[in-house]
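Q: Sequences and hints are given; from them, build the entire structure.
Now for the letters of each chain:
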Amino acid sequence: MQLTGAQALIKSLEQQGVEVVFGLPGGAILPVYDPLIDSSIRHILVRHEQGAGHMAEGYALATGRPGVAMVTSGPGATNIVTPIGNAHMDSTPLVVITGQVASGSIGTDAFQECDITGITMGITKHNFLVKSAQEIPRAVAAAFHLATTGRPGPVLIDVPKDVTQSMMDWWYPSTIEEYDLPGYRPEVPLDEDAIARAVALISQAERPVLYVGGGTLKSRASAELLAFAERTRMPVVTTLMARGAFPDSHDQHLGMPGMHGMYSAVTAIQKSDLLISLGARFDDRVTGKIPAFAAGAKVIHVDIDKAEFNKVRHADVAIQSNVASALLALDAASAMPKNLDAWWSQIRDWQQRYPLVYEEPSTDGLLRPQHVIQAIAAKAAPGTIVASGVGQHQMWASQYWKFEEPGTWVNSGGAGTMGFGVPSAIGAKVGRPDRTVWCIDGDGCFQMTAQELVTARAEGIPIKVAILNNAYLGMVRQWQEMFYDERYSEVYLSADLPDYVKWAEAMGCVGLRATNLKEMHDVIEEANKINDVPVVIDFRTDSSEKVFPMVAAGASNDDIMVHPLQRGASK
Amino acid sequence: MTATPEPYLGVVDHTPVRHHILSVLVENKAGVLARIAGLFARRGFNIYSLAVAPAESGARFSRVTIVVDAESTPLEQIVGQLDKLVNVVAISDISPKDALERELLLATVKTDVDNRTSLLDIIANAGAAIVDVDAKSVTVMLAGTPGGCDELERALESFAQVELHRTGRVALPRLGKTASA
Chain A
64 MQLTGAQALI KSLEQQGVEV VFGLPGGAIL PVYDPLIDSS IRHILVRHEQ GAGHMAEGYA
124 LATGRPGVAM VTSGPGATNI VTPIGNAHMD STPLVVITGQ VASGSIGTDA FQECDITGIT
184 MGITKHNFLV KSAQEIPRAV AAAFHLATTG RPGPVLIDVP KDVTQSMMDW WYPSTIEEYD
244 LPGYRPEVPL DEDAIARAVA LISQAERPVL YVGGGTLKSR ASAELLAFAE RTRMPVVTTL
304 MARGAFPDSH DQHLGMPGMH GMYSAVTAIQ KSDLLISLGA RFDDRVTGKI PAFAAGAKVI
364 HVDIDKAEFN KVRHADVAIQ SNVASALLAL DAASAMPKNL DAWWSQIRDW QQRYPLVYEE
424 PSTDGLLRPQ HVIQAIAAKA APGTIVASGV GQHQMWASQY WKFEEPGTWV NSGGAGTMGF
484 GVPSAIGAKV GRPDRTVWCI DGDGCFQMTA QELVTARAEG IPIKVAILNN AYLGMVRQWQ
544 EMFYDERYSE VYLSADLPDY VKWAEAMGCV GLRATNLKEM HDVIEEANKI NDVPVVIDFR
604 TDSSEKVFPM VAAGASNDDI MVHPLQRGAS K
Chain B
2 MTATPEPYLG VVDHTPVRHH ILSVLVENKA GVLARIAGLF ARRGFNIYSL AVAPAESGAR
62 FSRVTIVVDA ESTPLEQIVG QLDKLVNVVA ISDISPKDAL ERELLLATVK TDVDNRTSLL
122 DIIANAGAAI VDVDAKSVTV MLAGTPGGCD ELERALESFA QVELHRTGRV ALPRLGKTAS
182 A
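Top line first, the protein sequences correspond to chains A and B. When you read off a place in the first sequence, starting at 1, and then add 63, the result is the number in the working numbering. When you read off a place in the second sequence, starting at 1, and then add 1, the result is the number in the working numbering.
Since the hints were made in silico from the structure, they are not lab data. Beta carbons: idealized from backbone N, C-alpha and C, even for Gly. It is possible that part of the hints are untrue.
[Claimed, not checked] 20 Å max Cα-Cα, derived EDC-like pairs, lysine to aspartate or glutamate:
| no. | chain 1 | residue 1 | chain 2 | residue 2 |
| --- | --- | --- | --- | --- |
| 1 | A | Lys194 | B | Glu28 |
| 2 | B | Lys98 | B | Asp115 |
| 3 | B | Lys30 | A | Glu240 |
| 4 | A | Lys374 | B | Asp94 |
| 5 | B | Lys30 | A | Asp256 |
| 6 | B | Lys85 | A | Glu240 |
| 7 | B | Lys137 | B | Asp151 |
| 8 | A | Lys369 | B | Asp115 |
[Stated by the list, open to error] Some chain A residues close to chain B (C-beta under 10 Å, calculated; not the full set):
| no. | residue |
| --- | --- |
| 9 | Lys188 |
| 10 | Leu209 |
| 11 | Phe372 |
| 12 | Met545 |
A: Structure follows, in structure tokens:
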């Protein structure tokens with residue numbers, strides 16, 4: 064069967080089971096948009112290519128399936144660089160297709176030409192410049208294989224216009240050998256010796272902690288984690304990238320560690336004698352000052368990516384494996400720590416003394432952002448998915464929302480990409496239309512990507528957006544207050560400019576506002592009744608609120624700052 | 002090049018210990034060298050020398066011999082990151098003491114009747130060869146150990162040099178020794 068390269072590209076995506084592509088057409092990708100009309104694949108037309116990338120990420124994080132985005136060459140391609148970088152930092156499976164100028168024009172500074180494979184070399188797992196139509200099926204199949212196996216990540220396929228316009232004989236690779244990836248071996252056999260050494264270390268442990276990272280979600284290991292944790296009674300912490308991997312309601316769960324982690328989670332790690340890292344990478348936001356991080360602990364490091372071993376922290380035992388297989392092997396070997404009663408009573412004491420707190424909301428003043436999140440959560444349908452931007456609101460969402468299952472927390476971790484919230488929430492809702500999707504956003508983040516609410520309205524994607532509007536770039540303001548003598552430099556945004564309600568309405572959404580407690584409860588109730596169009600709520604919050612606990616950048620986790628209400632109490 | 006020469010320590014016929022030799026088999030595809038160079042640049046790994054050529058299996062693969070500074074970054078980290086490049090097929094780490102290393106040096110130097118004899122002596126002692134000659138200059142070639150090339154380079158310093166090129170080393174494990182993958 065003879066097809067054009069463009070037809071072959073769309074047919075290849077269909078072969079991969081792609082149900083939705085987020086994108087925006089342009090000159091170089093034009094040929095591919097023609098056969099899309101006849102395809103079963105749904106296309107979501109975004110208003111900016113960055114939106115397409117973040118939607119694909121939100122889709123991937125909520126469903127566990129790879130997100131797909133398609134854009135044109137030049138500025139279309141450079142506009143999606145931020146989502147690609149974001150997905151690379153968070154190991155999110157993404158396939159991004161970019162149009163390219165015709166092969167003969169490459170290197171001539173042609174209109175809308177840019178070297179996107181060169182630009183994204185360092186922020187993709189791999190990328191391809193496809194040189195003939197006949198090679199398109201192989202490139203697509205290989206891209207999906209690379210994006211979803213081993214340590215997942217973004218893969219980019221750059222397709223010159225003449226390649227999509229020329230003819231090919233249809234074929235599709237049926238075996239991995241045909242992908243032609245001789246250097247790619249994502250899984251290695253489990254090292255039984257390493258498992259045995261891990262079991263021996265565990266048997267000596269009196270103060271172990273399961274340090275659960277995003278790799279646990281990526282390897283779909285939540286059930287294995289629950290079984291292992293319950294059998295061994297070890298305390299569990301889940302990093303920002305792993306929220307939802309272990310139920311927040313579980314009494315062995317201490318919450319999130321790190322810069323804004325729970326006191327008990329941070330301190331349990333510091334005092335532990337054994338840290339079992341499950342798909343985590345000892346990020347600086349978790350470790351604080353590295354030499355002072357869990358200084359008395361041995362480390363068992365489980366990761367699919369061997370380059371993570373000894374990168375930041377020495378691993379006493381390194382197990383190169385997906386998290387699920389490693390946990391099953393440890394279970395099979397009956398890994399068991401010593402009696403943990405004393406450890407648990409110590410932890411319970413920390414939990415009791417330093418829970419999350421914030422000042423009592425006043426009935427007439429500005430809202431407490433933490434309270435807004437709790438009020439939304441209290442009325443949210445079970446299984447609600449929460450997306451967020453980056454900053455204070457993100458930390459509060461992670462702290463105060465109770466995540467019970469994988470795929471319910473969609474956020475930008477490693478890259479810290481402001482503006483991630485709205486488009487990623489849209490992508491999550493496309494992937495899980497049965498779920499309620501709330502975006503907990505900041506006013507700064509919202510202004511970066513809000514135009515995608517036009518996409519949401521046009522495509523019938525009814526997400527709910529809560530803007531915690533404190534009129535500031537809040538996290539930067541917090542640092543300036545605490546570490547720069549309250550010298551506020553370029554962080555004020557104004558609560559009234561733009562008018563978020565009018566803006567929402569202009570984009571075809573319902574716009575609501577809450578300035579006091581009564582209005583807060585009313586608008587949440589109203590938003591929950593709307594299921595056909597997107598809703599945006601402007602919550603006016605107190606700009607003086609800061610995120611606690613906090614470990615200052617570069618400080619030791621031993622120097623964790625608790626909320627002012629808790630200070631003075633002995634540690 | 003007017004840098005102060007290092008004190009002469011005699012013939013070093015293998016790589017100093019802080020340098021490690023990675024023999025990397027890669028797919029012979031466009032941009033592979035850029036991927037390797039980019040990885041080293043963005044992760045702050047230092048390359049001491051690098052040589053690339055098609056490998057034994059024909060046009061499909063190339064062999065890249067990279068001499069890395071294993072003191073500034075642990076070798077495990079360099080190998081781990083390098084191995085993640087999809088086009089990298091195999092990496093062997095050849096320990097300096099087990100390495101059979103060779104390098105090619107080409108140099109054009111000016112010469113006249115007064116110093117021609119001493120130049121010919123130097124060439125003969127080094128086991129080098131004359132590959133081109135005209136009335137005023139000679140082009141010398143040495144295929145030898147990196148130490149031998151260092152030695153010849155120093156010996157040629159007393160002659161007015163037109164140009165001197167070195168290829169960077171290639172290496173194989175000595176017979177009976179194996180590289181660690």
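Q: Now, for every hint given, state plainly whether the structure supports it.
A: Going down the list of hints, with the structure as the test:
Annotation: proposed proximity of Lys194/A to Glu28/B holds, straight-line Cα distance about 16 Å (limit 20 Å). Annotation: proposed proximity of Lys98/B to Asp115/B is violated, straight-line Cα distance about 42 Å (limit 20 Å). Proposed proximity of Lys30/B and Glu240/A is supported: the alpha carbons are some 18 Å apart, at most 20 Å. A hinted pair counts as satisfied when its Cα atoms are at most 20 Å apart, and Lys374/A with Asp94/B qualifies at roughly 19 Å.
With a C-alpha separation of about 38 Å, the suggested pair Lys30/B and Asp256/A falls outside the 20 Å cut-off, and the hint is violated. Restraint check for Lys85/B and Glu240/A: satisfied, since their Cα atoms lie roughly 18 Å apart, inside the 20 Å limit. About 24 Å separates the Cα atoms of Lys137/B and Asp151/B, which puts this hinted pair outside 20 Å; it is violated. For a cut-off of 20 Å, the pair hint linking Lys369/A to Asp115/B is broken: about 61 Å separates their Cα positions.
Below 10 Å, beta-carbon pairs count as interface contacts, and Lys188/A has one with chain B at about 7 Å; its hint therefore holds. Checking Leu209/A against chain B by beta carbon gives a least distance of about 7 Å; that is within 10 Å, so the hint holds. For Phe372/A, the suggested interface contact is upheld, since its CB lies about 7 Å from the closest CB of chain B, less than 10 Å. Restraint check, Met545/A versus chain B: the minimum CB separation of about 31 Å is more than 10 Å; hint violated.
Checked against the numbered hints above, the structure breaks hints 2, 5, 7, 8 and 12 and satisfies the rest.
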